[in-house]
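J.: As a plain string of letters, each chain reads:
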Amino acid sequence: MNEIQEIAVQPAVEPIEEPHGIMRWLTSTDHKEIGTLYLIFSFAMFLVGGSMALCIRAELFRPGLQFLRPELFNQLTTMHGLVMVFGAVMPAFVGFANWQLPMMVGASDMAFPRLNNFGFWLLPPAAILLMASFFAPGGATAAGWTLYAPLSVQMGPGMDMAIFAVHLLGISSIVGAINIATTILHRRAPGMTLMKMPMFVWTWLVTAFLLVAVMPVFASAVTMLLTDRHFGTHFFNAAGGGDPVLFQHIFWFFGHPEVYILILPAFGIISEIVPTFSRKPLFGYRSMVFATCAIGVLAFLVWGHHMFTVGFGVGPELFFMYATMLVAVPTGVKLFNWIGTMWEGSLTFEAPMLFALGFILVFLVGGVTGVVLAVAAVDVQLQDTYYVVAHFHYTMVAGSLFSLFAATYYWLPKWTGRMYDETLARWHFALSIVFFNMTFFVMFFLGLAGMPRRIPDYPLQFADFNMIASIGAAGFGFSQLLFLYVVVKCVRRGAPASGRVWEGAVGLEWTLPSPAPRHSFEIPPVVPSV
Amino acid sequence: MTRKALHILAVTAPLFRCGLARARSVSNFQPPKTQIAHQIYDLHFFVQAICAGICVAMFAVLFYAIVRFRKSPRRIALQFTGYKPVEIAWVIVPVLILLVIAVPATHAVFAMKDTSNSDITVKITGYQWQWRYDYLQENIGFYSALSTPRAQIENREAKDENYLLEVDHPLVVPVGKKIRILVTANDVIHSWFVPAFGIKQDAIPGFIRDAWFRVDEPGVYRGQCAELCGQEHGFMPIVVNAVSEREYSAWLADRHAANQSPARAGDAAGAKTYSLEDLMSGGAKVYTDSCVGCHQANGQGLPPAFPALANGKTATGPVAGTIHIVVNGSAKNPAMAAWKNQLSDLELASVITYVRNSFGNSVGDLVEPNDIAAVRHENP
Amino acid sequence: MTTETRQRKLFLILIAVAAAMFGFGYVLPPLYAKVCQLTGFNRLQSADAVSGTQQDSNRTVLMQFDSNLRDGLPWNFRAMQATAPVHPGQLVQVSYEVRNNSDHAISGQAIASYAPAGAAAYVRKLECFCFSIQTIAAHEIRQMPVIFLIDSSLPSDVPTVTLSYTFFEVPGRQTTVKESGT
Numbered sequence: 002m003n004e005i006q007e008i009a010v011q012p013a014v015e016p017i018e019e020p021h022g023i024m025r026w027l028t029s030t031d032h033k034e035i036g037t038l039y040l041i042f043s044f045a046m047f048l049v050g051g052s053m054a055l056c057i058r059a060e061l062f063r064p065g066l067q068f069l070r071p072e073l074f075n076q077l078t079t080m081h082g083l084v085m086v087f088g089a090v091m092p093a094f095v096g097f098a099n100w101q102l103p104m105m106v107g108a109s110d111m112a113f114p115r116l117n118n119f120g121f122w123l124l125p126p127a128a129i130l131l132m133a134s135f136f137a138p139g140g141a142t143a144a145g146w147t148l149y150a151p152l153s154v155q156m157g158p159g160m161d162m163a164i165f166a167v168h169l170l171g172i173s174s175i176v177g178a179i180n181i182a183t184t185i186l187h188r189r190a191p192g193m194t195l196m197k198m199p200m201f202v203w204t205w206l207v208t209a210f211l212l213v214a215v216m217p218v219f220a221s222a223v224t225m226l227l228t229d230r231h232f233g234t235h236f237f238n239a240a241g242g243g244d245p246v247l248f249q250h251i252f253w254f255f256g257h258p259e260v261y262i263l264i265l266p267a268f269g270i271i272s273e274i275v276p277t278f279s280r281k282p283l284f285g286y287r288s289m290v291f292a293t294c295a296i297g298v299l300a301f302l303v304w305g306h307h308m309f310t311v312g313f314g315v316g317p318e319l320f321f322m323y324a325t326m327l328v329a330v331p332t333g334v335k336l337f338n339w340i341g342t343m344w345e346g347s348l349t350f351e352a353p354m355l356f357a358l359g360f361i362l363v364f365l366v367g368g369v370t371g372v373v374l375a376v377a378a379v380d381v382q383l384q385d386t387y388y389v390v391a392h393f394h395y396t397m398v399a400g401s402l403f404s405l406f407a408a409t410y411y412w413l414p415k416w417t418g419r420m421y422d423e424t425l426a427r428w429h430f431a432l433s434i435v436f437f438n439m440t441f442f443v444m445f446f447l448g449l450a451g452m453p454r455r456i457p458d459y460p461l462q463f464a465d466f467n468m469i470a471s472i473g474a475a476g477f478g479f480s481q482l483l484f485l486y487v488v489v490k491c492v493r494r495g496a497p498a499s500g501r502v503w504e505g506a507v508g509l510e511w512t513l514p515s516p517a518p519r520h521s522f523e524i525p526p527v528v529p530s531v
Numbered sequence: 108m109t110r111k112a113l114h115i116l117a118v119t120a121p122l123f124r125c126g127l128a129r130a131r132s133v134s135n136f137q138p139p140k141t142q143i144a145h146q147i148y149d150l151h152f153f154v155q156a157i158c159a160g161i162c163v164a165m166f167a168v169l170f171y172a173i174v175r176f177r178k179s180p181r182r183i184a185l186q187f188t189g190y191k192p193v194e195i196a197w198v199i200v201p202v203l204i205l206l207v208i209a210v211p212a213t214h215a216v217f218a219m220k221d222t223s224n225s226d227i228t229v230k231i232t233g234y235q236w237q238w239r240y241d242y243l244q245e246n247i248g249f250y251s252a253l254s255t256p257r258a259q260i261e262n263r264e265a266k267d268e269n270y271l272l273e274v275d276h277p278l279v280v281p282v283g284k285k286i287r288i289l290v291t292a293n294d295v296i297h298s299w300f301v302p303a304f305g306i307k308q309d310a311i312p313g314f315i316r317d318a319w320f321r322v323d324e325p326g327v328y329r330g331q332c333a334e335l336c337g338q339e340h341g342f343m344p345i346v347v348n349a350v351s352e353r354e355y356s357a358w359l360a361d362r363h364a365a366n367q368s369p370a371r372a373g374d375a376a377g378a379k380t381y382s383l384e385d386l387m388s389g390g391a392k393v394y395t396d397s398c399v400g401c402h403q404a405n406g407q408g409l410p411p412a413f414p415a416l417a418n419g420k421t422a423t424g425p426v427a428g429t430i431h432i433v434v435n436g437s438a439k440n441p442a443m444a445a446w447k448n449q450l451s452d453l454e455l456a457s458v459i460t461y462v463r464n465s466f467g468n469s470v471g472d473l474v475e476p477n478d479i480a481a482v483r484h485e486n487p
Numbered sequence: 060m061t062t063e064t065r066q067r068k069l070f071l072i073l074i075a076v077a078a079a080m081f082g083f084g085y086v087l088p089p090l091y092a093k094v095c096q097l098t099g100f101n102r103l104q105s106a107d108a109v110s111g112t113q114q115d116s117n118r119t120v121l122m123q124f125d126s127n128l129r130d131g132l133p134w135n136f137r138a139m140q141a142t143a144p145v146h147p148g149q150l151v152q153v154s155y156e157v158r159n160n161s162d163h164a165i166s167g168q169a170i171a172s173y174a175p176a177g178a179a180a181y182v183r184k185l186e187c188f189c190f191s192i193q194t195i196a197a198h199e200i201r202q203m204p205v206i207f208l209i210d211s212s213l214p215s216d217v218p219t220v221t222l223s224y225t226f227f228e229v230p231g232r233q234t235t236v237k238e239s240g241t
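Chains as they are written, first to last, in my numbering: chain Y, 2 to 531; chain S, 108 to 487; chain H, 60 to 241.
Keep in mind that the hints were calculated from the coordinates and are not lab data.
Keep in mind the model is a prediction, meaning the values are calculated, not measured.
Just so you know, not all the hints are guaranteed correct.
Unchecked claim - Under the rule of at most 27 Å between Cα atoms (straight-line distance), these lysine-lysine pairs were calculated in the DSSO-like manner: (1) S:Lys392 with S:Lys266; (2) Y:Lys197 with H:Lys68; (3) S:Lys392 with S:Lys420; (4) S:Lys191 with Y:Lys197; (5) H:Lys93 with H:Lys184.
Just chain Y, same shape as in the assembly (with noise of 0.2 Å):
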C-alpha cells in the first residue's frame, strides 16, 4: 500500500445534457452529490435530535417539573434517540462511505448509482413522518428508543407513524448496505485484493453485512408490534400466548449488531486518520481485519445483556456474560494497534489527528465501563440506570460522533480543494473534548447512586450532578454551531488544498487532484502488487 501509481487528470468524456438546481440533487446518481445529500441531512438531524436533548436536559436542570410535562418528557427521550441514531449516525456514516469507498478502491462510482439515489430519497418522507409524530393524537411514542411492549403496544397513533418511519430508515439502510457491499467485493481497481483495502474499506464491508442480518429482524419486530396494537395478533401478549420478554429478545437481537454496525465504521476512519498524522502505516493491518470480522461475528453472540434483569436462569445469564467481556479483547487489539501506529511515528496535531486522539482517550472510557456492565451481579444494580446511559454516550458520541468531526476535517479537503480553518477546528475540538466530559462523567456517578432512566425528576440527592451535567449539554450543544460554521466557511473561502492535503495521506483518493474531479477513476488505477 505504500506506493501507488499517481494517474493523470480522467480523458475526455463527450459531454451529457445534465439537470440543474432541484432536479439536480432529486435525480443525482452520482456518489459524491449523494454522499453529500447524506451528509447534510444528517447534520441536520444532529442538530434536531441535539435540540431534544438540550430540552430534557434543560428540564433535569434542576428537580420538580419545570417546562416539560412527563409525557412529553418521554417522547422526546424517545426521539432523541431515534432521531440520533437512525437519522444522524447511520446516514452520516453512509454519506462518507458514498463519497469514499469509490474513490478508495479505484472505483467510477458505486456498483447501483440509481439504487444510492433511491437509497438516500428514502430519508426525508421517513424523517418528516418522525417529526410528525408529534402532532398526532396524543404526541410522538413515549416507549424509549427500544419500543418495548406492552408499553409500545399501548400507544397512541403516533407510534403507527415511528413505525412506517424507521421501517422506511430500515430499507434505506438495507439497500445502501447493499450497494456498499457489491462496491467493495466487484468494484475494486485491478491488483487491490482484500488485504490491500483500507480499513474504512473493511470495517464498511463489515458493517454492511451486519446491516443485510440484521436490520430486516428490526423490521419483523416493529411488524408484529403494528399487528399487536391493530390487527389482534399476541406476540408479546402473555393473554393470547405471547410473551413481553420475546420483544426484548428480538429487538436486542437486532439492536447490539446495531451498536456495533454504529461503531465499526467510525474505527475504519480512526484506522485511516491515526496513520496519516503518524506518517506510518498502520500497525498491525491483518490482526485488525481479523479483529474487525471478530468484532461482527461476536455482535450476534451478546445480545441478552441487555436483558440482565429480566430474569433468566443462571445458564443464559453466564453464556451472556462471558460472550460480553470477550468483545473486550477484539477491540483493545484495536486500541492498541492505534498507539502501536503512534509508536516512533512522527506526529502532528492537526484537527482530525485531535479528534481521533479524543476518540481513543474517550472511547477507552466508554469500553471500560462496557466491561463494568457486563458483569451480569454488577449490571443488577446499573441496568436501566445513568450508568447505562454515560457509557453508550461515550461510546457513540466520543465515539462514534467524534469519528465523524474527525473524517469531515480530514476528508473536506479533498471534496473541496479547501483548507478548512485549522485554529477554529482547534477550538471545536476543545470545547467537545471538554463539556462532553462535564455532561456524561458525572452520569456515571448518577448511575452508581442509583438515578434510573427516563424520568423527568428526581431525588434531591441527584441535583448536583444533573446540573453540571445540563450546562455541560448546554455547552456542547452550541459547540456544535461553530462546526457548523467551520465547515461553511471552508466552502466558500478556505484556503486552496493541495492533491495530498495531508503530509502523510496515503491512498487511492489522495493521488486525485483536489477537488476530486466530478467524475474520478473513470479508467481504474492499476495497484502494484507489493
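Given chain Y's structure and the hints, the job is docking chains S and H onto it.
T.: Showing chains S and H alone in chain Y's frame:
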C-alpha cells in the same frame, strides 16, 4: 501550548473519578445492606480498579507517545507494521484479566439466583403507577403509592428530604430473614429496584419472576421503578421498612386486625351527611393528590390517553357511570386504575362530586360515602 | 463473468438474505415457544403425559399457590389453599375459586407462571382449568381443580415452587355500565 494543556485536561479528567468517589457518598453505590449487595459492591470495586488501571496505563502510554514522538526536525518515523510478541501479549493478557474477573462474577450470579429456603414470600405487582405488595402466607395485601405532594413536584412548595422517595404504605419485612419476592406486573413492564439490597427484578405482565434478599440491619430503604412504564415512571418509588422480628409480628397483627380495607376510614363517615361544600373541598384535595397528573389541573386531560373531564361524557353523564369508572377502573384504558383500594369511601365520594361540579361541569348532584360503599359491596 | 453479472448476482443474494432475516424475525416466536417448552418455561398448556413416577416420601416440596387478575376483570380469584407440602411423584389436587361479580357471563383464560421458572418442566399437570377458556356465568362462584404431580427429577436445590395463575379476559364481554372513551 493551549493544545497541549487541553490534551492534559482531557487525559486526566477521568482520573478525578476515583477521588470524587471517596469524597462524595452520592457518587458510588449506596451502602450495601444485604450480602448480595456487599458481593456486588466488592466485585464492582475490583472490576473498576482493573478498568481504572487499564485507563491510567493507556493514558500514560498515549500521553508519552504524544509528547515523545511529535514531529520535529530530528524525528524520523520508523516504518514497522507489526511486532509479533507484543501483538500476542495484548491478546493473552486481556483474556487472562477477563478470566480473573469471571471467577467472582460467576459466584455472584449463582448467589443472586438462589431463591431456595426462604422464610417469607411477598408477591410484588407493578401497576401504572404504583406497587402492590401481597404477603401470600398472611393474606395481607396493600398498594404502595408515591406520597410526595403534587405541590412539591410543581415547585409550589419546598421539597422535603425524601422527595420522590416516600410512599403511603411501605413494604415491611423482618431483618435477617430470607425474603423471596415474586415479581409481576398488571399492565406493562416495571422493575423493582432497591439499590441498598443489590436487587433489581423486572416485573413482566402475565408472568412471575422470583428473586430474594435478606436485610442485614434495620432501616428504611428506598428505591425507584427501573423500567420505563409510561408517564409516571419516575413517580412510583419503593420504600422498604426493615424492622426487628418483634416489630414485624406486631405490624402483621395490626394489618390482620385492620383487615386491609381502606373503607374502614369511611365507615364512620357513612353515618354522617355531607354538604356539597364539604365534599367539594375534600374532593379538590383528593383530585390534586391523585388525579391531576393525568387529567390535569384544569380537567382538560391529555386525550386520547387521558380523557378530558371537562364536559366529559362519563363525568357529566349518569352518576353510576362516573362512580363505576373511578371505583373499578377502566377495562378499556388500563391507565385508569381502580381507586377503590387506595381511597376511602369518603375520598371517593368527594372526588367524584368534585369532578362532576368543576371544570365547567355543573351536574349539581353529590355522591355520598354510602353510595360508594354500596358499589363496593357488589364488587369487592 | 462480467462485473455487471457478478454485481447483479451479489445483489440478488443479499436481497434474499435480507428477506430471509425478515422471515427469521417471524420464525422467532414459535422458536421461542419451543425453547420455552424444552426448558420448561411453559405458556398455554395442555395435559402432560405422565409416566409412572415413584412417590418419594423422603422429600417434601413446598408448593405455593398464587392468583392474579388482569384487564379489570370484575372477578374474585383465589387459591383455596396458600401452600401445600407435596412429595415428588404424589398426585395432588388443589382448588382455585372464581367468583364473577358482574351481571353477565364473562370468559377468561388462565395463564400459568412458575417461580423458579425452571420448575415448570417438573410440574406435570393432568387436569387444569388453564387448559381451556373458562366462561363464568353472572354472579357464579365456581371451584376449579388443578391435578398435578411434581416429577421426582426436580433438582434437589428447589425446595419451594410457586404456581401462579393470571386470568385474562377473552373478548366478547358486554358492559351494562357505559364507559365512554372521551
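J.: Now tell me if each hint is right for this structure.
T.: How the hints compare with the structure:
Under the criterion of a C-alpha separation no larger than 27 Å, the hint pairing S:Lys392 with S:Lys266 is consistent with the structure, at around 19 Å. Only pairs whose Cα atoms come within 27 Å are accepted, and Y:Lys197 paired with H:Lys68 is accepted, the gap being roughly 24 Å. In summary, the hint linking S:Lys392 to S:Lys420 is supported, as the alpha carbons are separated by about 23 Å, within the 27 Å threshold. The hinted pair formed by S:Lys191 and Y:Lys197 meets the criterion: a straight-line CA distance of about 20 Å does not exceed 27 Å.
Restraint check: the Cα-Cα separation between H:Lys93 and H:Lys184 comes to about 18 Å, which is no more than 27 Å; the hinted pair holds.
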